[in-house]
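Here's the letter readout for the chains.
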Amino acid sequence: MDLVLQLLFTGIGIGAVYALVALGFVLIFRATNVVNFAQGEFSMVAAYLMVVFSVDLGWPYWLSFLIALAGMALFGVIFNLGVYYPLRHRTYLPVIIATIGASILLSNSVLAIYGPQPQVLQGWFDTPGIQLGPVYLDSQYLLIIGVTILLVLFNFWFFEKTLLGKKLQATSQDKEMASLLGISVPTMIMITFIYSAVLGGLAGILVAPVLFVSIQMGSTIALKAFAATIIGGFGDVAGAIVGGLALGVIETFGAAYISVPYKDGFAFLVLIAFLVFRPQGIFGERVAEKA
Amino acid sequence: MKLTRREFSAGLAAGLAAPALMRSAWAQGATIKIGMCVPVTGPAAEQGLWAQNGAKLALAAVNKAGGVLGKQVELVIEDDQTTNPGIVLAFSKLAAQPDIVAFLGSIRSTQVQAMAPDVIKVGKPVMIGGTNPDLTHSGNPWLFRFRPNDNYSGRVIADFGVTTLGKKKWAIVHSTDAFGTAGGKALTEALTKLGAPPVLDQGYANQSQDFTPVVLAVKQSGADVLGTYFTFENDLGIFARQLRQLGVNIPWVGSPSVVAVSSTKLAGPALFGTYGVADFAEDSSDTAKAFGKSYRDAYKTAPDNQSAWPYDAITILSAAINKAGSTDPNKIRDAILATQKFAGAEGEYNFDKNGDGLHGYNVVKNDKGKIVYDKHIDFND
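Chains as they are written, first to last, in the UniProt record's numbering: chain A, 1 to 291; chain B, 1 to 381.
Derived from the structure by calculation, the hints contain no laboratory data. There's no promise every hint is true.
As the list claims (entries may be wrong) - Looking from chain B toward chain A, a few residues come up when the C-beta cut is under 10 Å (computed): (1) Thr-31; (2) Lys-33; (3) Glu-46; (4) Tyr-204; (5) Phe-211; (6) Gly-237; (7) Asp-352; (8) Lys-353.
To be verified - Some chain A residues flagged as far from chain B (calculated, every beta-carbon gap over 12 Å): (9) Ile-14; (10) Val-52; (11) Ile-78; (12) Arg-90; (13) Ile-104; (14) Leu-111; (15) Val-120; (16) Phe-159; (17) Ala-273; (18) Phe-277; (19) Pro-279.
Said to hold, decoys possible - Per the computed footprint, the stretches of chain A lying under chain B, defined by three or more beta-carbons under 8 Å from a beta-carbon of chain B, are: (20) 128–142; (21) 208–221; (22) 254–268.
Every residue gets a Cβ at the ideal spot worked out from N, C-alpha and C, and that includes glycine.
Generate coordinates for the entire structure from the input sequences, incorporating the hints supplied.
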């Protein structure tokens, strides 16, 4: 039982990381109908910004955190204007390829600027974790789980209860109609990119103390987050969260009880099963119904 | 002086051709070129940077001492992207340049394995750092290893743990790539010979984000000592922290990555007190000390085996070409194989018929973040 609880905790912890990155995928997909394959690199860039401010320049952690997130907001604007906006009237394929190109450019730029050495970033807390009976709770994972819960609540409130959230939803559902109703579609898409970059950045900063800061950190998480998004139902905020958590728990238990080397295999087996039997994901609506 | 039409034409032709002829002569004879396949991008980019640093340091020393065959030596670098297709492509790009006389391959066994068939086809010497024993034991005459292979590391880890630490209940954790699998196997064989077969043999895939299931398996096995073969320092750092967090504090004797500079920095206190076998230990010899000093002077950081082996590879290769007096591949091969009692940064090189230069390991300890040399163990068989 101790083993199960320990695995459950770390499974949910790592799953929450996938969920945070998956949320970024979903938001951009809803707004633009394209998958942003640079979403993982958003996390990596934010983690490096944090290292620059907090470690290299020695600024206080909270200040570095706020500046890194502000930097990510600006990054979202630049990404939208540089990658999405010039191609917005084309089919989805050029935009997707542009995001893949951007992800390669980002990781190689960081490599060229910062070098390949992985960096250590401290967490928020001095104590690494707490022992609760037989289960060890890593403080950083606790923080990640807490932030994920808060973000789920915030997203629900923001998209369902606020005017801006409703405008964003309207834009994602039908851009032409939204435009006719006086909603500025480019502005809404810009806001989505900003929010998505900040969200990806937040995930990167939160996970950095656990996984270290490296050029690869974004791509490895993004791959799982992408799978989580499909499992949850592409375009569904709740689905991204549930998909991410489910994936984290499945791979942790699969590794512990079946085979560690095939850990990543379990995640993708589940993904394939979903693609075959339920391509719309857990919460997704049938494409036929939507049409 | 009167110039005939024929003389004028001949003079004009010679004048026009001269720069091209000179360029061609210059290109053929100006420098001795050595190709290097190295990860500039990908998960081992950090290791690749260290390798380039070590090679460039040796190159500068060789050139300062007069070069090779009276010419300066030049390094031609290609990015292998830390992938098998990447290294095959990088090697083929370098192999297509006929004036490259020899190559430096990868420290990653998996990638050396991937390029090995092309190495036979090209038929020129390739210096490698991959430690999977099979690389030099499968009849490829062109691979020369500048680190001890894992038959030795497995024996040293087993011997040190069983004899010196007195531990017999082993858990082995290794990567499932070519390096980790062969290392885990070598350690298991060595332990079995010493009458201490491991109670756990646990593989993991590279670039894992969470090692909780591995740590719990070690914990549940009831092992009183841990032996590891980790490929990437980043993975090792995550594992080390989780191991300590989940309360596993048994002695740990690992392959060289456990005492690498990057691991020591990333994992911090989680690696204090661990032992590692290290092909490069700064205090193990005067040559190692001298290399350590020149590396620190040049790059402002301590070196480890990632840079020590390319340093030795360039040094020994250059000496071998000078001794051979030619860039003929067969003559270089003979000269490398004839290299005996050569004091390198990694240890004393005595090449055997397989192309293995080193036959033992140093044991070092992480003493609160400082890597302290303990002893050197060499084998004659």
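Structure-based check of each hint:
Taking 10 Å as the C-beta contact cut-off toward chain A, the hint placing B:Thr-31 at the interface is violated, the least distance being around 27 Å. Taking 10 Å as the C-beta contact cut-off toward chain A, the hint placing B:Lys-33 at the interface is violated, the least distance being around 25 Å. Nearest Cβ of chain A to the Cβ of B:Glu-46: about 4 Å, under the 10 Å cut. The hint holds. A cut of 10 Å between beta carbons decides the hint on B:Tyr-204: the least distance to chain A is about 5 Å, and the hint holds.
Taken as an interface hint, B:Phe-211 checks out: its beta carbon lies about 9 Å from the nearest beta carbon of chain A, inside 10 Å. Given the 10 Å rule on beta carbons, the hint for B:Gly-237 holds: about 6 Å separates it from the nearest Cβ of chain A. The interface hint given for B:Asp-352 is violated, since its Cβ lies 33 Å from the closest Cβ of chain A, which is over the 10 Å cut-off. Annotation: interface hint on B:Lys-353 violated; nearest CB of chain A at approximately 35 Å, more than 10 Å.
The beta carbon of A:Ile-14 is not kept farther than 12 Å from every beta carbon of chain B, the shortest such distance being approximately 5 Å. For A:Val-52, the shortest C-beta to C-beta distance to chain B comes to about 17 Å, beyond the 12 Å cut-off, and the non-interface label holds. For A:Ile-78, the non-interface assignment is confirmed: its Cβ lies about 23 Å from the closest Cβ of chain B, beyond the 12 Å cut-off. Every CB of chain B lies more than 12 Å from the CB of A:Arg-90, the least distance being 29 Å, so the non-interface label holds.
Not every C-beta of chain B lies more than 12 Å from that of A:Ile-104, the closest at about 9 Å, which undercuts listing it as non-interface. At roughly 6 Å from the closest C-beta of chain B, the C-beta of A:Leu-111 falls inside 12 Å, breaking its exclusion from the interface. A Cβ of chain B approaches the Cβ of A:Val-120 within 12 Å, the least distance being about 6 Å, so the stated non-interface status is violated. With a minimum CB-CB distance of about 29 Å to chain B, A:Phe-159 clears the 12 Å threshold, and the non-interface call stands.
Listed as outside the interface, A:Ala-273 is consistent with that label: its C-beta sits roughly 20 Å from the nearest C-beta of chain B, beyond the 12 Å cut-off. Here A:Phe-277 stays apart from chain B, with its beta-carbon at least about 26 Å from theirs, past the 12 Å limit. Here A:Pro-279 stays apart from chain B, with its beta-carbon at least about 27 Å from theirs, past the 12 Å limit. Note: the stretch 128–142 of chain A has 4 residues with beta-carbon separation from chain B under 8 Å; the three-residue rule is met and the coverage holds.
Coverage of the stretch 208–221 of chain A by chain B holds in this model, with 8 residues showing a Cβ closer than 8 Å to a Cβ of that chain against a need of three. With 7 residues carrying a beta carbon less than 8 Å from a beta carbon of chain B, the stretch 254–268 of chain A meets the three-residue requirement, and the given coverage holds.
Going down the numbered hints, you'll see the structure goes against 1, 2, 7, 8, 9, 13, 14, 15, while the others check out.
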